[in-house]
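Peer 1: Just need the whole structure built from these sequences, with the hints factored in.
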Amino acid sequence: MTPCNRAPAIENAAQYIEGTLSQSDSERFEDHYWNCPACLAYLQALEAVGDELARKPVPQIAPAPRKRAFAWPAPAWALGAVAALAVLAVIGTRTLGPHPEKPSQAQSAPAVLPQGTPSTQTAGSSPVQHAAAQLADLALPVFATPNLRGAGLEAHFEQGMTAYARGDCQGALAALSKVPAHDKNERKAEFYSALCRLHEGDFSSAEAGLRKVVDAGESLQLESALYYLAQIDLARNDPAGAHRYLARTISLQGDLEKQARLQDQKVLALDKMSGGTLGKDGK
Amino acid sequence: MDGDHNEKGVSSAAQAASEDTRLALAIGSGDPEAEREFVLRYLPRVRAMLRARLRNSDLAADLVQDVMIESICALRRGQLRDASKLTPFVLAIARNILYSHFSDASRRPESLESPDDLPDLRSVSEDVEVEQRRILAMNAIAQLDPNDKIILHLTLVEGLKPGMIAERLGLSSDVVRQRKVRATRRVAEFVADRSQNVPSLDLTAGRTP
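Those protein sequences? They're chains A and B, same order as listed. Taking my numbering, I'd label the letters of the first sequence as residues 1009 to 1291. Taking my numbering, I'd label the letters of the second sequence as residues 23 to 231.
Because the hints were derived from the structure by calculation, they are not lab data. Predicted, not measured: the structure shown is a model, and the values here were computed from it. Not one of these hints is a red herring.
Here are the simulated BS3-like pairs of lysine-lysine, each with C-alpha atoms no more than 25 angstroms apart in a straight line: (1) Lys183/B to Lys1064/A; (2) Lys183/B to Lys171/B; (3) Lys183/B to Lys1220/A; (4) Lys171/B to Lys1064/A.
Peer 2: Shown next as structure tokens:
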């Protein structure tokens, strides 16, 4: 038994107790947590939470008005300051300091760094546009390998994600391309393949893959797919496209909401510096 | 690093198998202390499984008793041929009883004949661990955003799907799903992390003799 990072429980426990996990997946999860104290503890915790919620029903509050995707949290003078700082910081580090290897958000512990870099400044592009490209966060998210006993993962998917975790995007792409259609990990394979293509600098293929994930509808990868589509647009110096995807990311109110909101503020600030109209009239 | 993990994994699996063997043989030879140890080790697993599968605490409690009684009686009779396979053996009994219940749900279940000298299952099932977990769960819930609390309630208690919850709360189903995943993980990790730090909570695969 290798030490378990609880990934099987995180992935399966909620569906298991909701009764929406298939019988075969339920049995596979049982085979695992009967031998895994960490996952058993997670499952017991979730059951205890359900019991406690049932014991003290939560008052049903009236639906809150939906947040405006781009409600400014700060007054106008602060916006100006943010805009000026963002532009100065980006342009300043570009011209005065050493070339930054990664945008600031890449500090969130990516497993590997991308080879694809944002568009370099060309004769025709303005410093503001170039600054937008430098905002792109192209760091690959970390993948926690589930540790299920009993062949929980389809073999090619497992092989691909093991390569991905090592930072071997070529190996990951080769294996993930063999994940059978209609496998339960098909969408995940599509998502991580797209990220590998992004890493390789193939923005068009990455974009096509991420769009497929988005078009497939509700999934655990939806929020991340929208976020990375925004990053591709940023890397291409397309703040308007990035703004649209960031707005959709923010509207999901998920784990990337704060990160996307901060980035979008910078995008809008840069746009304002160049006399753009993003964020006005719901754009 | 991988080599270390593999070695540790192999030794840990070997240790678990050896624990299984010792416990199964001790129960077969009529050791009452081994039966109590068996209950301590397997009752939490059986209970977690049946509560999740049945979504009915009272019914689960009845079937948990059946699984424990049937397992102990089978072990006393020496029905486990490979003593190192104790965990799969108990899991199989739990599944048999569960699936029999599903297939015979319309019939009144026959109660198992229970020997008089079984270890006390009730005292274990109501021990301090459950109460500690309950308090931790209460604290975890108290820290949730009100909307997340409602989403978890509608999901875990009322069994509603994200689409229906979304309609009720005036949110999109994508938002509900994201918030549900985030809130679920947050509360479960809060409780699980602190439960594992409670010294009296024995969640390991087995106790050393």
